[in-house]
Amino acid sequence: MSLARRSLARSIAAHAVLITYTVIALFPVFVIVVNSVKSRRAIFADPLAWPTAETFDPVGYQTVLRQGDFLLYFQNSMIVTVASLFFVLLFGAMAAFALSEYRFRGNSLMGLYLALGIMIPIRLGTVVILQMMVASGLVNTLTALVLVYTAQGLPLAVFILSEFMRGVSDDLKNAGRIDGLSEYAIFFRLVLPLVRPAMATVAVFTMIPIWNDLWFPLILAPSEATKTITLGSQVFIGQFVTNWNAVLAALSLAILPVLVMYLIFSRQLIRGITAGAVK
Amino acid sequence: MAGRRAVRWHIGVFLAPAVLVYTAIMIVPLLGTLNLSLFARGEEGRVFVGLANFATLFGDPRWSGAFWNALGNNAWFFLIHMLVQNPVGVALAALLSSPRLRMAAFYRTAIFIPTILSFVIVGFVWKLILSPIWGIAPGMLDGIGLRSLFAPWLGREEYALTTLALISVWQFVGIPMMLIYAALLSIPDEVIEAAEIDGITGWSQFRKIKLPLILPAIGIISILTFVGNFNAFDLLYVSQGALAGPDFSTDILGTFLYRTFFGFQLQLGDPHMGAAIATAMFGIILLGVCVYLFGIQRRLRRYQF
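Which chain is which? The protein sequence lines are A and D, in order.
In this text, residue positions in the first sequence follow numbering that gives the first Met the number 0: the first is 0, and each later residue adds one.
In this text, residue positions in the second sequence follow numbering that gives the first Met the number 0: the first is 0, and each later residue adds one.
This is chain A alone, in the form it adopts within the complex (with noise of 0.2 angstroms):
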């Protein structure tokens, strides 16, 4: 067998185990996106067959758009969600270049203190912060969700940072040195780009649980104004739960925007991973 076919052979099987692995990944999506559009005879008739002119009705989306306030939790996820992201990279990457970076007594402790939360899962210290947040009267704001989340991302990023800011070559981070530039500038300016890659990985992993998190906004922020998307939509499938249009509908509406965002973001992380990896 040539070499040329064997490669074909091969590439076809790749294919093959790939696009089956993406059909059992999407098709959940599928059939509820799919099915929020059609009425509700066709969602038990055939819940796999596309919308037709006859079948489609769009009556659950005007029940969840009358209804809920989509639009305002969107909002509040995605403040809550950017302003955290930006805290937990910049506050992290800061403490994982002091940590990789320089000598100084404690710093394998402090490591170890910092890398602790990886394994902590902060939802055990629910009772005490809900009353800390009361205390400071930070209930049914964003703050005390940015402020929550800030501290859950900080030690997974510090972790993966660190371990990636001692790969950034020492000669670089000297001939800044004897150039003038203050230790800050290095970090802004020398270190930080070159870590990019690792950045958009962290701000991937970071993001997801955020955005995706049920439990804080259910405690430290109920109210209606201060609702993130995922509550929202938990709140409003149970409330329908026998109007199979209305949660289909909501539960897509809820798909939607982290779909978008991953959509616009993973060419970032892409972009990221393969640019680190060719240099």
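Source of the hints: derived by calculation from the structure; they are not laboratory data.
Incorrect hints may appear among the rest.
[Claimed, not checked] Cβ pair distances, simulated, as ranges:
{"id": "1", "chain 1": "A", "residue 1": "165", "chain 2": "D", "residue 2": "141", "range": "54 to 60 angstroms"}
{"id": "2", "chain 1": "D", "residue 1": "68", "chain 2": "A", "residue 2": "74", "range": "41 to 47 angstroms"}
{"id": "3", "chain 1": "D", "residue 1": "44", "chain 2": "A", "residue 2": "142", "range": "27 to 33 angstroms"}
{"id": "4", "chain 1": "D", "residue 1": "19", "chain 2": "A", "residue 2": "107", "range": "18 to 24 angstroms"}
{"id": "5", "chain 1": "D", "residue 1": "199", "chain 2": "A", "residue 2": "15", "range": "21 to 27 angstroms"}
{"id": "6", "chain 1": "D", "residue 1": "141", "chain 2": "A", "residue 2": "8", "range": "31 to 37 angstroms"}
{"id": "7", "chain 1": "A", "residue 1": "15", "chain 2": "D", "residue 2": "210", "range": "21 to 27 angstroms"}
{"id": "8", "chain 1": "A", "residue 1": "237", "chain 2": "D", "residue 2": "148", "range": "28 to 34 angstroms"}
[To be verified] To be clear about the criterion: a stretch of chain D counts as covered by chain A if any three or more of its residues have a C-beta under 8 angstroms from a C-beta of chain A, and this derived list gives those stretches:
{"id": "9", "region": "20–26"}
{"id": "10", "region": "30–42"}
{"id": "11", "region": "89–98"}
{"id": "12", "region": "117–123"}
{"id": "13", "region": "128–135"}
{"id": "14", "region": "225–236"}
The C-beta atom is built at its ideal place from N, Cα and C for all residues, glycine as well.
Please build the complex by placing chain D on the supplied structure of chain A, with the hints as guidance.
Chain D only, in chain A's frame:
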């Protein structure tokens, strides 16, 4: 002597924001919780009882049955992730990273999509799909002539936990895939070229060259899976409720903690027993992380390129 080196203020400036936020919002509340576990409700306010709550949790038949059940279920949940999620993730990453593969970006994005969905969506979607009422799953099995295999998987004690673990695997397989993919891409071309010149290609190239190089990444994924699984709560809560039905067959430490801490239909919340469970979970996770750090990571050579 030229005098001591100047105080390096910048180290403090770099560290301070992270350490302050982390300590105030995470460590202090956690210590507060551990502290709660040493008390119990008394006649007038709370009384110090030392480790009595733990003795109750591990030994008292009213509590220990539920605890060991939750722990066993949790171990099974983790085992399925290790046996299914991580090998599948590595395999997908290996396929994706093969050079000249077209549409790699599309596959990568598509397979990662379930990971970005919230538990609320995932739990509800799979409940709908697997429900005998809607009949998507039975209908599809009918289509390939296997209708007899269908069972209400989420409603049967013997299948429910495994089904939920597989749903969780479906959701999170993108994470090992992405991490391994990045690790595979960071293997320098020279190494691969050298292997190819020596005639090592395909499967044996993966096994002999790439696998040893990505072992540290696999180690990190394993410990992240462990920590994630022993903290799991949302998926089980969203799909099976706080009672982790049917008949507690899907009860894991997270749901057990929730019920104890906040109470549910049949009992009042008990913050002190809840704190004791939280502390036990903390201990289990700590043990796993120590095994990883001192038993496994030490043996993995770090390759520097």
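Each hint, compared with the structure:
For the pair residue 165/A and residue 141/D, the supplied restraint of 54 to 60 angstroms holds, since their beta-carbon distance comes to about 56 angstroms. Roughly 43 angstroms separates the CB atoms of residue 68/D and residue 74/A, a value that falls within the hinted 41 to 47 angstroms. Taking the beta carbon of each, residue 44/D and residue 142/A are about 32 angstroms apart, inside 27 to 33 angstroms as hinted. A beta carbon spacing of about 20 angstroms between residue 19/D and residue 107/A agrees with the range 18 to 24 angstroms that was offered as a hint.
For the hinted restraint 21 to 27 angstroms between residue 199/D and residue 15/A, the CB-CB distance of approximately 25 angstroms keeps it satisfied. Checked against the hint of 31 to 37 angstroms, the pair residue 141/D and residue 8/A passes, with Cβ atoms roughly 34 angstroms apart. A C-beta distance of roughly 23 angstroms is found between residue 15/A and residue 210/D, which places it inside the suggested range of 21 to 27 angstroms. One distance hint, 28 to 34 angstroms for the beta-carbon pair residue 237/A and residue 148/D, holds here, with the actual separation near 32 angstroms.
For the region 20–26 of chain D, the assignment as covered by chain A holds, since 6 residues bring a beta-carbon within under 8 angstroms of that chain's beta-carbons and 3 suffice. Chain A is given as covering the region 30–42 of chain D, and this holds because 3 residues of the stretch bring a CB closer than 8 angstroms to a CB of that chain, at least three being needed. Here's how the region 89–98 of chain D fares: 5 of its residues keep a CB closer than 8 angstroms to some CB of chain A, so the rule of at least three is met and the hint holds. For the region 117–123 of chain D, the proposed coverage by chain A is satisfied: 6 residues have a C-beta within less than 8 angstroms of a C-beta in that chain, meeting the threshold of three.
Given a C-beta distance limit of less than 8 angstroms, the hint that chain A covers the region 128–135 of chain D holds, as 4 residues qualify and 3 suffice. Figure legend: the region 225–236 of chain D, annotated as covered by chain A; annotation consistent (4 residues with Cβ-Cβ distances under 8 angstroms, at least 3 required).
The earlier numbered hints are all upheld by this structure, with none contradicted.
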